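**Student:** Residue numbers (my numbering), protein chains in the order written: chain A, 1 to 116; chain B, 117 to 231.
Derived from the structure by calculation, the hints contain no laboratory data. Hints may contain errors.
[Stated by the list, open to error] Take a look, some chain A residues computed to stay more than 10 Å from chain B by CB distance:
#1 V4
#2 T13
#3 E56
#4 S73
#5 Q84
#6 K104
#7 G110
[To be verified] Per label pair, the in silico range of CB-to-CB distance:
#8 B:P128 with A:L60: 28 to 34 Å
#9 B:T171 with A:Q50: 30 to 36 Å
#10 B:F130 with A:R64: 27 to 33 Å
#11 B:T188 with A:R9: 34 to 40 Å
Keep in mind the model is a prediction, meaning the values are calculated, not measured. Don't be surprised by glycine CBs; every beta carbon is placed ideally from N, CA and C.
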Amino acid sequence: DTGVSQNPRHKITKRGQNVTFRCDPISEHNRLYWYRQTLGQGPEFLTYFQNEAQLEKSRLLSDRFSAERPKGSFSTLEIQRTEQGDSAMYLCASSLGATGPNEKLFFGSGTQLSVL
Amino acid sequence: AQSVTQLDSQVPVFEEAPVELRCNYSSSVSVYLFWYVQYPNQGLQLLLKYLSGSTLVKGINGFEAEFNKSQTSFHLRKPSVHISDTAEYFCAVSDRSPTGNQFYFGTGTSLTVIP
């Protein structure tokens, strides 16, 4: 168990460019979540997967955002035509997927995105 | 949808003093309650959680929290803090949904322990 791994740790990009982040969850974890966190705020839910199926998307997730989990293991989050307002820490979390009391999130260290 | 309010954005406290970090939630349904801690340059870690049963929940590193249904609160406490407790603390709530839980987080409380 190596924990949830996110790459890259930091990403600086120019406005209008596309960026892609990767998350490797803890193995055997069925659920994978993406959150966004800005300075002074708590994590905001973006989307989550049960295996390879994307089950829920927040209204925060505009059309420029897309997430995939093609084989039910790692996931990617892509932001197209980045805007300065996209600057944030993007957090990935995974869980065993059991409902109720066993639902416990394990977080990665995040990818800090800065859009210039 | 749930909402979580953490009343204090920053809490400075001297080493070995007690501390309470406040959390209130709004929900019309039964929920699970959590406290997560985020140390500098690290991911969020679960500190403790309330699911059911005893309203006093004990977590790691000597922290505890008390669920108060009438006041819809879940305040975090520690009787004596250490320098290493300096971190960001997030209160979170999730629905008791059979289809899976979505977690809602508060805005966080930055705890600074002063030597």
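**Student:** Each hint needs a verdict: does it hold in this structure or not?
**Tutor:** Hint check results:
A Cβ of chain B approaches the Cβ of A:V4 within 10 Å, the least distance being about 7 Å, so the stated non-interface status is violated. At roughly 21 Å from the closest C-beta of chain B, the C-beta of A:T13 stays outside 10 Å, upholding its exclusion from the interface. Once the 10 Å rule is applied to beta carbons, A:E56 is inconsistent with being away from chain B; the minimum gap is 7 Å. Here A:S73 stays apart from chain B, with its beta-carbon at least about 19 Å from theirs, past the 10 Å limit.
The Cβ of A:Q84 lies farther than 10 Å from every Cβ of chain B, with a closest approach of about 21 Å, so its non-interface assignment holds. Not every Cβ of chain B is farther than 10 Å from the Cβ of A:K104; the closest lies at roughly 6 Å, contradicting the non-interface assignment. With a closest Cβ-Cβ approach of about 7 Å to chain B, A:G110 is found to fall inside the 10 Å limit, against its non-interface label. With their beta carbons about 32 Å apart, B:P128 and A:L60 fall inside the hinted range of 28 to 34 Å.
In this structure the hint that B:T171 and A:Q50 lie 30 to 36 Å apart at CB holds, the actual value being about 32 Å. Separation of B:F130 from A:R64 is about 47 Å and departs from the stated range, judged on CB atoms against 27 to 33 Å. Distance hint check: the CB atoms of B:T188 and A:R9 are about 37 Å apart, consistent with the given range 34 to 40 Å.
Hint compliance for this structure: hints 1, 3, 6, 7, 10 are broken, all remaining hints hold.
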